[in-house]
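Kindly produce the complete structure, drawing on both the sequences and the hints.
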Amino acid sequence: MHEWALAEGVISTALEVAEREGLSEITAIKIKMGELQQIDLEIFELALREIRQSQMSMVTNATAELEKEAAVLKCRVCGREWAFGDAPLADEERESIHFLPEIAHTYITCPGCKSPDFQFVKGRGVWIDSIVGR
Amino acid sequence: MHEWALAEGVISTALEVAEREGLSEITAIKIKMGELQQIDLEIFELALREIRQSQMSMVTNATAELEKEAAVLKCRVCGREWAFGDAPLADEERESIHFLPEIAHTYITCPGCKSPDFQFVKGRGVWIDSIVGR
Amino acid sequence: MDPRPAIIGERFKDIKRLIAVAGGKGGIGKSMIASTLALILSDLGYSVGLLDLDFCGPSTHAILGIDGVYPEEDKGIVPPQVHGIKFLSIVYYAGDNPSPLRGIDISNAVIELLAITRWGSLDFLIVDMPPGIGDATLDTVRLIKGVEFLVITTPSKVALETVGKTLRILKEMSIPIIGVIENMKMAESSYVREQIRKIDVPFGGEIAFDRELEDSVGNAVRLLETDFAQNLKQIVLSTPAFKPQDGG
Amino acid sequence: MDPRPAIIGERFKDIKRLIAVAGGKGGIGKSMIASTLALILSDLGYSVGLLDLDFCGPSTHAILGIDGVYPEEDKGIVPPQVHGIKFLSIVYYAGDNPSPLRGIDISNAVIELLAITRWGSLDFLIVDMPPGIGDATLDTVRLIKGVEFLVITTPSKVALETVGKTLRILKEMSIPIIGVIENMKMAESSYVREQIRKIDVPFGGEIAFDRELEDSVGNAVRLLETDFAQNLKQIVLSTPAFKPQDGG
Ligand SMILES: Nc1ncnc2c1ncn2[C@@H]1O[C@H](COP(=O)(O)OP(=O)(O)O)[C@@H](O)[C@H]1O
Ligand SMILES: Nc1ncnc2c1ncn2[C@@H]1O[C@H](COP(=O)(O)OP(=O)(O)O)[C@@H](O)[C@H]1O
Ligand SMILES: [Mg+2]
Ligand SMILES: [Mg+2]
Ligand SMILES: [Mg+2]
Ligand SMILES: [Mg+2]
Ligand code: NI
Ligand code: NI
Ligand SMILES: [Zn+2]
Ligand SMILES: [Zn+2]
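Chains as they are written, first to last, in this note's numbering: chain A, 22 to 155; chain B, 22 to 155; chain C, 50 to 297; chain D, 50 to 297.
Worth flagging that the hints you see were computed from the coordinates, not collected in a lab.
Heads up, some of the hints might be wrong.
Calculated pairs, PhoX-like style, for lysine-lysine (alpha carbon to alpha carbon, straight line, at most 25 angstroms) [unchecked claim]:
1) B:Lys53 / D:Lys282
2) C:Lys206 / C:Lys65
3) C:Lys124 / C:Lys65
4) C:Lys124 / A:Lys53
A quick note: this is a predicted structure, and the numbers were derived from the prediction, not measured.
What follows is the structure, encoded as structure tokens:
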């Protein structure tokens with residue numbers, strides 16, 4: 022349930038944008054949900070809704086659209102790309118990556134050359150795609 | 022005249038590409054010359070030509086097109102963007118940045134907030150835009 | 050757009066003083082001082098948190114003998130309280146395993162922890178920094194508004210030269226410096242003190258080299274009884290910054 | 050496309066052995082050992098280079114007392130020879146000023162130096178590494194083919210725990226490890242030696258804590274006369290890796 026904290030980040034960011042851009046209302050937020058972080062989409066959506074509606078604000082009536090993004094990793098040594106879904110991981114390892122995606126470097130190595138020196142090409146975590154308002 | 026070393030890198034890279042892609046000849050190389058590194062374009066072009074023509078290879082007859090790219094820096098703290106050309110620098114400082122562009126963090130700070138925590142948005146140094154062959 | 054930075058201010062709003070323990074070099078006692086400082090402040094009755102941001106070489110858990118605890122999940126993560134200190138380290142997630150992280154990953158991990166950790170209200174949050182001025186330090190300065198630095202050096206020439214560079218950067222960025230502590234002192238000399246004063250940074254005090262310190266590593270109770278801790282406590286008691294009411 | 054990586058192999062092709070001096074923590078004597086090792090090998094008649102890759106806390110110039118020299122430009126940069134050692138450090142460009150670099154900048158700077166430096170032919174290139182496994186270490190492993198590691202620890206529990214992590218990573222990546230040196234030994238104990246052997250890494254030898262070492266910092270001649278250097282020389286003479294003909 023730490024997803025709540027990230028949902029708070031999304032709403033705070035939307036409010037910051039509204040203020041900075043001089044908007045009177047945020048109408049829609051589009052969010053990419055990177056697979057690596059393994060966020061529970063239902064919980065996240067619920068958290069977003071509760072935070073939005075907990076008090077009247079410029080974001081209360083916004084819609085939130087969540088889109089899953091598969092995680093792709095790429096080795097900096099041999100260039101190999103692979104899907105996070107393929108990585109053989111214990112439950113605790115998955116759980117650690119859930120809290121801190123960078124911990125992937127501790128539990129995953131390149132299937133080609135065994136290096137831990139890879140980058141997240143996409144699908145790391147929660148990312149705001151767009152914020153629309155008026 | 023250390024530009025020669027970077028020109029060697031361009032030619033080696035072209036030869037690697039030719040080999041990897043199974044080309045019989047490289048016909049054209051396009052290179053972005055980032056302002057930060059202050060490479061002398063004439064010297065660099067001369068070096069490229071001499072290295073290319075020093076022995077017969079798949080790259081000997083390639084044309085090289087150099088395009089200048091202005092350097093833009095962006096502060097990670099306050100978000101300000103500015104042009105490298107604006108930075109007040111002593112000659113030795115410029116010379117150090119010529120050899121090692123990252124040294125910019127030693128001699129330049131954000132004109133807005135004085136932070137050395139900025140990124141090179143573009144125009145760092147020598148970068149191969151495209152390599153064409155057949 | 051990254052959703053995390055916008056919530057970080059909220060996470061620190063009930064913390065009276067945020068103190069990063071830093072220095073130029075490694076091995077000068079930053080982690081030992083950060084850990085013991087947290088213990089001393091907690092012992093003095095303050096509510097204290099300790100955040101280990103040295104992801105490449107986390108050591109405060111080993112110094113304090115913290116093991117087998119884990120944060121709770123409650124609308125974020127809530128650090129467990131050990132020896133009266135709310136403690137957070139990457140070891141909760143990496144365990145005994147290495148974390149070979151590039152700067153970009155360190156930066157992302159720092160931002161993540163700052164965004165999801167709910168410290169609640171604290172008199173002091175002590176942050177143990179890695180050596181040098183890299184991603185963790187730059188993000189600390191950038192994202193933790195109101196952070197102050199306690200800077201460590203040793204009498205060694207190389208350590209002093211390097212710490213001088215850190216101090217210059219902090220001053221240029223107008224980050225408050227509580228003071229410089231000269232650690233592992235083996236002989237009488239006012240050289241470091243004078244050098245620090247010359248560059249107009251407050252000298253915080255000295256800590257003698259303590260041969261028996263290593264034997265207390267891993268045991269918080271014994272750590273507090275060392276000469277090292279006594280030296281540090283004197284510094285704490287005589288430094289105005291170590292009163293929470295003085296802070297923002 | 051980055052033009053630099055393709056030329057790096059060419060730059061190292063006439064170097065017989067490439068030895069990175071590394072360890073988990075800072076302050077364990079990596080720079081002191083890298084510098085003195087370069088001096089000893091040069092003194093033994095080998096042609097030696099020393100590359101300082103600790104951009105956040107460069108120290109080998111201060112240890113060897115190198116000042117007032119600068120690389121020549123000749124189709125690249127050619128490191129000046131000092132005390133018989135071809136020496137390259139970021140201080141040529143940063144001077145006494147701080148270099149607050151994020152990992153991405155460190156990586157770029159490492160690649161740049163590897164691509165433009167013409168070492169010529171050498172028996173040994175010694176590389177002084179920063180603490181931890183970050184950008185500089187990952188790029189060294191990635192770009193310097195044939196590099197071998199000399200790993201340093203101290204008897205301290207925290208140092209040993211951290212170095213164990215570095216060794217694990219190096220082994221997983223199949224990087225050759227010359228051995229582990231236990232530095233700053235103050236008391237007799239075979240603990241570190243046993244731990245190292247347990248994880249099946251060669252133990253390289255011990256170096257005693259040398260109270261007088263600090264006084265020789267900045268003076269290469271005196272450095273070679275210290276007990277520290279004598280200890281290290283014994284290790285060099287008894288370790289097969291320190292013969293250039295054994296290398297690739
Ligand atoms: N005053 C002191 N006397 C003796 N040993 C010390 C003292 N301060 C630190 N140490 C020892 O020095 C080593 C490095 O300390 P540490 O806190 O890990 O440094 P850093 O965090 O700066 O890398 C540890 O083994 C520690 O026990
Ligand atoms: N064997 C030794 N005896 C005494 N002092 C030592 C010894 N080895 C290193 N030192 C000292 O320890 C400090 C840290 O050494 P340094 O080589 O800079 O470490 P690192 O490069 O690992 O950070 C320096 O002040 C150095 O003089
Ligand atoms: Mg969970
Ligand atoms: Mg020049
Ligand atoms: Mg530490
Ligand atoms: Mg060092
Ligand atoms: Ni969760
Ligand atoms: Ni040049
Ligand atoms: Zn790989
Ligand atoms: Zn700025």
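Now for the hints, and whether the structure bears them out:
no. : hint               : in the structure
1   : B:Lys53 / D:Lys282 : 49 angstroms, violated
2   : C:Lys206 / C:Lys65 : 35 angstroms, violated
3   : C:Lys124 / C:Lys65 : 22 angstroms, holds
4   : C:Lys124 / A:Lys53 : 20 angstroms, holds
Hint compliance for this structure: hints 1, 2 are not met, and every other hint is.
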